[in-house]
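*Asks:* Each chain is listed here by its residues.
Protein chains: 2
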Amino acid sequence: EEVAKLLDLKAQLGDEPTPKTVLKTPKGTRDYSPKQMAIREGVFKVIVDCFKRHGAETIDTPVFELKETLTGKYGEDSKLIYDLQDQGGELLSLRYDLTVPFARYVAMNKIAKIKRYHIAKVYRRDNPAMTRGRYREFYQCDFDIAGQYDPMIPDAECIKIVYEILDNLKLGNFVIKVNHRLILDGLFEVCGVPKDKFRTVCSSVDKLDKTFWEDVRGEMIDDKGLDPISADKIGEYVQLNGSSELVEKLLKDEQLVQSKAAKEGLEGMKLLIQYCDIFGVKDRVRFDMSLARGLDYYTGVIYEAVLEGAELVKSNSKSKEQIGVGSVAGGGRYDGLVGMFAAKGKKVPCVGVSIGIERLFSIMEAKMERGNQEVRTVETEVLVASAQPNMLEERLRLCKELWDAGIKAEISYKANPKMLDQYQYAEKAVIPFLAVIGEQS
Amino acid sequence: EEVAKLLDLKAQLGDEPTPKTVLKTPKGTRDYSPKQMAIREGVFKVIVDCFKRHGAETIDTPVFELKETLTGKYGEDSKLIYDLQDQGGELLSLRYDLTVPFARYVAMNKIAKIKRYHIAKVYRRDNPAMTRGRYREFYQCDFDIAGQYDPMIPDAECIKIVYEILDNLKLGNFVIKVNHRLILDGLFEVCGVPKDKFRTVCSSVDKLDKTFWEDVRGEMIDDKGLDPISADKIGEYVQLNGSSELVEKLLKDEQLVQSKAAKEGLEGMKLLIQYCDIFGVKDRVRFDMSLARGLDYYTGVIYEAVLEGAELVKSNSKSKEQIGVGSVAGGGRYDGLVGMFAAKGKKVPCVGVSIGIERLFSIMEAKMERGNQEVRTVETEVLVASAQPNMLEERLRLCKELWDAGIKAEISYKANPKMLDQYQYAEKAVIPFLAVIGEQS
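Same order as they appear, the protein sequences are chains L and B.
Each residue of the first sequence is one higher than the one before, starting from 1 at the first, in the working numbering.
Each residue of the second sequence is one higher than the one before, starting from 1 at the first, in the working numbering.
Hints were generated in silico from the structure; no laboratory data involved.
Be careful, since some hints might not be right.
Since the list can't tell identical chains apart, any single copy or any two copies may satisfy a pair.
[Claimed, not checked] Derived PhoX-like pairs: lysine-lysine, alpha-carbon spacing no greater than 20 Å straight-line:
id: 1; residue 1: K428; residue 2: K249
id: 2; residue 1: K207; residue 2: K260
id: 3; residue 1: K260; residue 2: K249
id: 4; residue 1: K428; residue 2: K121
id: 5; residue 1: K67; residue 2: K27
id: 6; residue 1: K428; residue 2: K418
id: 7; residue 1: K346; residue 2: K24
id: 8; residue 1: K282; residue 2: K418
id: 9; residue 1: K263; residue 2: K121
id: 10; residue 1: K207; residue 2: K252
id: 11; residue 1: K270; residue 2: K121
id: 12; residue 1: K400; residue 2: K252
id: 13; residue 1: K347; residue 2: K24
id: 14; residue 1: K418; residue 2: K27
id: 15; residue 1: K282; residue 2: K367
id: 16; residue 1: K282; residue 2: K400
id: 17; residue 1: K35; residue 2: K113
id: 18; residue 1: K110; residue 2: K24
id: 19; residue 1: K52; residue 2: K408
id: 20; residue 1: K52; residue 2: K282
id: 21; residue 1: K197; residue 2: K260
id: 22; residue 1: K45; residue 2: K110
id: 23; residue 1: K414; residue 2: K347
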């Protein structure tokens with residue numbers, strides 16, 4: 001009980017008006033004001049409506065996972081994971097994305113097929129660039145299809161979904177870049193990259209949307225020890241982009257199709273573009289051989305949607321600040337991830353896409369401000385007011401009637417509010433009706 | 001670059017089919033399945049509709065705060081806070097409730113008045129009792145009114161809100177217990193409790209809904225060193241409960257009203273019950289002098305809603321397992337909390353209520369299962385099917401038409417699915433329409 005007393009005293013001390021603490025949110029995070037929440041809810045509605053239109057269920061998982069669940073899934077990015085302090089008990093980490101928790105969920109519940117969306121915050125100890133919508137705490141909106149299906153049908157639906165969402169949000173032109181991990185693998189193979197360098201070369205190639213080829217080439221040779229001849233051969237391929245005609249051309253490239261992987265990837269790409277054509281989204285899809293995506297777990301198609309006009313000017317700076325800010329959605333196929341969790345390594349093929357919602361919020365917010373658009377933060381329909389004193393009881397009574405009838409109503413919390421104040425509040429909150437109570441004279 | 005190479009190799013090793021990790025969520029947490037999510041969204045809708053009906057805006061804050069923001073706010077419960085590991089940078093903790101982040105938000109943004117709701121997860125390293133809806137990660141649904149207003153008007157609206165939500169969820173009878181910190185303070189004063197023991201005695205009193213008076217009395221005397229005469233005097237009061245007639249009786253209690261605090265509290269209680277009567281909720285409100293609530297920051301009215309039939313049998317066990325499981329909502333007035341953060345200690349009076357949603361989920365889930373009620377987890381309106389082979393393209397094309405028209409549609413991801421499989425899927429997912437494509441023979 002001595003301890004309890006001391007704790008109690010300590011708690012009391014804490015309540016004294018001691019020197020104030022710093023008033024801020026943690027680095028890389030922010031609060032959402034009511035106005036920002038109204039915008040956020042609008043964007044969420046477009047996204048959720050789309051996911052539901054495509055028949056998806058939703059799930060939720062805890063904000064933290066066992067540390068070991070996240071280990072070995074993110075390659076070089078693992079250093080960005082937030083760990084919880086060891087306070088006795090399990091070692092925990094905040095989730096880094098929603099994909100690994102999803103794979104853990106599928107394996108743990110022995111699910112053979114599921115189409116689900118998941119909207120939740122994820123955490124990365126990255127260098128924040130908040131004006132450009134890059135935070136340490138940010139939302140991901142993921143749609144994934146798990147199950148053994150015929151090639152490219154679910155993959156094409158993911159692209160259709162990205163298309164619908166970006167189209168509905170009316171953010172201007174966009175392009176959905178696609179590539180295939182097997183094409184990249186085959187490409188590296190025929191260019192003479194040693195197999196143990198595939199991944200690291202892949203992550204160099206991935207920088208091509210932000211830096212010039214010369215810098216990427218330099219990194220491959222100087223930092224990663226790649227043969228300059230290999231690097232130059234890679235350069236010839238990864239600067240190509242196009243559509244079905246490029247796929248056709250590459251399928252006739254005798255050097256490339258020597259690789260079984262490349263051939264399989266190219267045939268997949270052909271089918272994917274064909275389905276995209278049926279879905280009416282082919283015009284927005286660009287087969288881009290430089291698209292690589294950093295994460296380890298992709299095994300097939302990969303995609304990334306970029307808003308035009310929001311793309312960065314290429315620079316030769318290697319600054320981390322600039323990575324991925326033009327990208328508003330990304331994803332791909334990851335057939336091996338569930339197997340990493342499942343008993344006996346049973347594989348469940350998956351493909352999915354993640355909408356980069358923070359970037360979309362930032363753009364919508366800027367758009368609203370430019371357009372001077374008024375955003376309503378409350379939905380109140382009636383303000384119950386009075387111009388006379390001593391009407392509190394009558395106002396409360398009428399408000400109760402309205403609430404009980406399902407009508408959104410408010411009153412001033414003053415016993416005798418001024419009429420002008422009530423008017424002004426109704427105007428500011430854009431409340432359409434005013435119910436004024438008064439006695440007949 | 002040597003480090004990069006090693007990291008890379010390490011990442012590759014992580015991908016090998018090494019011994020499987022334990023497949024579980026962290027202690028005290030759970031996943032939500034699609035069915036649970038459907039129930040959860042139904043409950044959220046009732047709650048959010050109510051908050052909006054009362055004119056509330058919504059905000060959001062980060063899942064973690066600077067550690068110092070949470071320090072000295074929770075008394076003995078501070079030991080339940082999750083800290084993040086010091087990975088260089090700020091010291092962070094997961095939020096313990098939504099009230100302290102709200103006060104930080106109000107102070108930081110120099111807000112004079114706001115009526116907001118906030119629905120988000122909070123974290124407590126408590127002993128989980130998951131079958132009874134007690135988790136380490138759980139949702140709170142908070143509604144708070146901040147601002148300088150006339151007495152008891154916002155306080156009564158909070159009670160009305162709890163009433164509407166519990167009434168709309170149709171969970172059976174409930175009672176909303178109310179008390180006032182000033183009444184407790186006055187009571188302790190006239191019973192001769194030394195001022196520095198108010199809080200610790202308060203937390204003993206708070207256990208009266210779970211244990212017998214004899215045990216509470218014993219704890220006060222033996223553990224907290226209270227004079228037995230004081231304890232017995234307290235006992236006479238804290239076992240009282242009632243409504244306006246009890247308030248009237250106590251206002252005539254000469255011993256009690258010697259205390260200025262008690263008198264002020266009782267007069268507030270009288271007004272509160274009067275407003276509750278106008279709001280038509282008086283029958284459910286019980287003035288209960290044993291209600292104390294553990295948290296440090298309350299300064300006025302406190303409340304707690306309890307489902308009848310869900311209340312626990314009293315036991316003389318002090319087991320932590322049994323705390324608060326019958327309670328489904330709670331809150332109170334905390335006029336000093338914002339001032340702890342604000343420059344120059346500027347106070348912003350606040351009152352609010354928190355809906356204990358996990359408990360409500362558990363009850364709803366059990367109810368659904370008992371009633372064998374089917375919960376739809378998708379909203380699909382049309383399954384586009386075919387009984388003939390080689391109809392993939394036609395199915396994709398029709399599905400596109402439906403999606404573009406805003407109709408929720410699905411297809412099988414097989415190139416040539418069996419008709420029976422398609423029927424069965426539609427039946428299982430309760431999809432009302434089947435669009436069957438076939439060639440005329």
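*Asks:* So which hints don't hold here, by number, going up?
*Replies:* 1, 2, 4, 8, 9, 10, 11, 12, 14, 15, 20 and 22
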